Amino acid sequence: MEPPIVYYPRIEYIETDTGNKVSRKSVICGSQNIILGGKTIIQTDCVIRGDLRRTGGGHAVVVAIGRYCLLSKGSIIRPPYKTYKGIFSYYPMKIGDHVSIGEGSIVEAATIGSFVHIGKNCVIGRFAIIKDCCRIEDNTVIPPNTVVPSFSIYDGSPGVFVDELPECVQDLYETKTKEYYTKFQPKD
Amino acid sequence: MSTLPDTRQLAYVHYHCLCPDVYNKSTSSSTTTNTTIVANADEPITEKTKIPKIPQFDVNSPRVNFSTFPISKLYFCDDCHQIRCPRCVQEEIVCYYCPNCLFEVPTASVKSERNRCARNCFQCPICQNTLSVTASAEAQSVTTVPSSLSMMASGAPFYLTCGVCRWDSQEIGMNFEKATGLALQLQKTEDEKPDVKEFDHLKEHFEKHIRQNTPSTSLPSSLLSIPGMSISIEYEAITKVENDTGLIEDLAQLKVINQSYDQPYKVERLQPQRIHLRTKRIKRCRSCRHILIKPEQKAQATRFKIKLVALKFTKTISQSKNSNIEILAPNFYISPYNDIWEYEEPELVSAKSRSHSSSSGANAKNDIGIYERRGNYTSIIVEITPLSEVEEFKFPLLVTYTTKSYVVNQNAVKAASSRSSISISHSHSGSNVGGNVRSAGGKS
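These protein sequences, in sequence, are chains A and B.
Converting from the first sequence to this note's numbering requires adding 1056 to each position, the first position being numbered 1.
Converting from the second sequence to this note's numbering requires adding 1 to each position, the first position being numbered 1.
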């Protein structure tokens, strides 16, 4: 089924030179530590915590998000933290291209690869690693430190492997995210 | 476009594969439920002069759910020019890897490691989550200053903990001296488990039997093909199952079903399990042995050396809206794919473009009921009026096409400037069609 055109009020979104569309109603902390790859949509009520940076100097990038990503309404991106050798610190998070994160999902992963779909109301635990070409179903809880290998579908709480994705998933998710971006249009 | 097998979607398009065992025996039944279009897209490729044999296809057959697939699950054999579904491909394992540490396991050692990761990857026996190694010394000295590094580096004894259900291996008295090579440290206990012992004994027994009964050259020592299984083979179990009367009642109370078939024991006896290996597989066409899918050898690579998926080769059919089904155009033609149209504007279909038609005079007579014709896709109007309220509505759709090899006309394509020299031509004699039918370029 073809996705419908989604209209948004023109005044709500800021469009950057590289085509990122960021809602004014989202909470972006520490924007100097956040990189958006271009043509990424950040919708209403999203939270990105770029201010939670590593203790000590250096390594300014906290959250790096690739191209054609979608952060749906109310999703939260928060860098993972741990106490290592007695020192509490946050660690950077990297998200690849063509990643869509569903409504109300909380992401504290260390890495999310490209061509990943995360459903609604998911919790991605601290330091989880999601490889390329994965699908996390709605309402899934991925426990901390979990590795989700490529071409897998995870579901449940705690999220477990349920099925494999077909080989053409890369093309599917690429078309889907690009189509969503083109059909996400302003309306006065 | 319905892409993944998402049955929660209101409308989806599934493709029917003509695996011979399916359509010969199709029987009818009555249940239909959700709007579905079942497209009969797989057709033996024939010359235009030959009329393709139209197989019997019954939408109401209970087999339909098993013989129709979303296009993402289908492959295309460019030798046979046919669609291949997951049931008519043959798989061959290319490599084994652990889904947690993503290390490749050499094929030679897979068997001896019992298809499980021989490193540090363990699964929680309660919730199947990955366990993490915790140092008991560190647990006590979290707040200490980093000067006590040497003490933490030793950290022994180590144990496994589950971050989800809080199970830890100290519950069953399992401790490790080192934080690495845990599987090796556990190997002795694993080898002594009664079920493992029994399996090894069984294997040994049957292997001996095969050696005795067959000429040594003809058969591989596969346990799948034991000759003379009809003759009773005497086997004596080496381990005795303890007569645990309370066990069945205990098992009945288990909430997680996985847990009971993995290790049917009481909680005190549950052992952490090494994580099962996963595989990367080559997929071949069953009839011509042509490779359809060939992944890269490396465990972490997501690319494919060969990838012949149906999505790139056949027409995709998609639905724009749920509606009543009445096809206004009983037969229509879809223009073939052409490189020139690739550079067209992204298709944002609006009502204004309704009148747009690029069809030539020859096709004009078919334009009744056609919503839009543009590039290599055609939108048609479909009206569905169900007689009564049904949960799901299915209708079949026959799409036929002819494919000309890309190679044959390659020279013509290079010189192509008009529609007369088109690399792939599809001719369609569709009977019922919904939504958008789009032809894709077949590149060989």
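The set of hints was computed from the structure by calculation and includes no laboratory data.
Hints may be right or wrong, so weigh each one.
Mimicking DSS-like on lysine-lysine, the simulated pairs with C-alpha atoms at most 27 Å apart in a straight line are [unchecked claim]: (1) A:1141 x B:299; (2) B:308 x A:1232; (3) B:313 x A:1239; (4) B:308 x A:1141; (5) A:1150 x B:299; (6) A:1232 x B:179; (7) B:179 x A:1234; (8) A:1081 x B:308.
Chain B stretches covered by chain A per the calculated footprint, using a threshold of three residues with CB under 8 Å from any CB of chain A [claimed, not checked]: (9) 108-116; (10) 123-130; (11) 194-202.
What follows is a set of in silico ranges between Cβ atoms, one per label pair, in the way DEER data are often shown [what the hints assert, rightly or not]: (12) B:112 x A:1220: 49 to 59 Å; (13) A:1236 x B:201: 30 to 40 Å; (14) B:203 x A:1220: 23 to 33 Å; (15) B:195 x A:1231: 47 to 57 Å; (16) A:1217 x B:213: 35 to 45 Å; (17) B:191 x A:1140: 30 to 40 Å; (18) B:158 x A:1231: 34 to 44 Å; (19) B:81 x A:1220: 18 to 28 Å.
The structure displayed is predicted, hence computed values, not measured ones.
Each residue gets a CB set at the ideal place from its N, CA and C atoms; glycine is no exception.
Now for the hints, and whether the structure bears them out:
Among the hinted pairs, residue 1141 of chain A with residue 299 of chain B is inconsistent with the structure: their alpha-carbon atoms are about 34 Å apart, more than 27 Å. The straight-line distance between the Cα atoms of residue 308 of chain B and residue 1232 of chain A is roughly 20 Å, inside the 27 Å bound, and the hint therefore holds. For the hint pairing residue 313 of chain B with residue 1239 of chain A, the CA-to-CA distance comes to about 23 Å; that is within 27 Å, so the pair holds. Among the hinted pairs, residue 308 of chain B with residue 1141 of chain A is inconsistent with the structure: their alpha-carbon atoms are about 47 Å apart, more than 27 Å.
With a CA separation close to 22 Å, the supplied pair residue 1150 of chain A and residue 299 of chain B stays within the 27 Å bound. Taking the CA atoms of residue 1232 of chain A and residue 179 of chain B, the gap is about 47 Å. The hint is violated against a cut of 27 Å. Distance restraint check for residue 179 of chain B and residue 1234 of chain A: the Cα-Cα separation of roughly 49 Å exceeds the 27 Å cut-off, and the hinted pair is therefore not satisfied. At most 27 Å may separate the alpha-carbon atoms for a hinted pair to count; residue 1081 of chain A and residue 308 of chain B exceed this at roughly 43 Å.
For the stretch 108-116 of chain B, the assignment as covered by chain A is violated, since 0 residues bring a beta-carbon within under 8 Å of that chain's beta-carbons and 3 are needed. Evaluation of the coverage hint for the stretch 123-130 of chain B: fulfilled, as 3 residues show C-beta separations to chain A shorter than 8 Å, against a requirement of three. Note: the stretch 194-202 of chain B has 0 residues with beta-carbon separation from chain A under 8 Å; the three-residue rule is not met and the coverage is violated. With their beta carbons about 23 Å apart, residue 112 of chain B and residue 1220 of chain A fall outside the hinted range of 49 to 59 Å.
A beta carbon spacing of about 54 Å between residue 1236 of chain A and residue 201 of chain B contradicts the range 30 to 40 Å that was offered as a hint. Here the CB-CB span from residue 203 of chain B to residue 1220 of chain A is close to 30 Å, well matched to the stated 23 to 33 Å. The hint said 47 to 57 Å for the Cβ distance between residue 195 of chain B and residue 1231 of chain A, and at roughly 53 Å that hint holds. Distance hint for residue 1217 of chain A and residue 213 of chain B: a CB-CB separation of about 41 Å, consistent with the stated range 35 to 45 Å.
Checking the proposed 30 to 40 Å range against residue 191 of chain B and residue 1140 of chain A shows it holds: the Cβ atoms sit about 32 Å from each other. Between residue 158 of chain B and residue 1231 of chain A the CB atoms are about 52 Å apart, so this pair departs from the stated range of 34 to 44 Å. At roughly 24 Å, the beta carbons of residue 81 of chain B and residue 1220 of chain A sit within the given window of 18 to 28 Å.
Hint check: violations occur at hints 1, 4, 6, 7, 8, 9, 11, 12, 13, 18; the rest are consistent with the structure.
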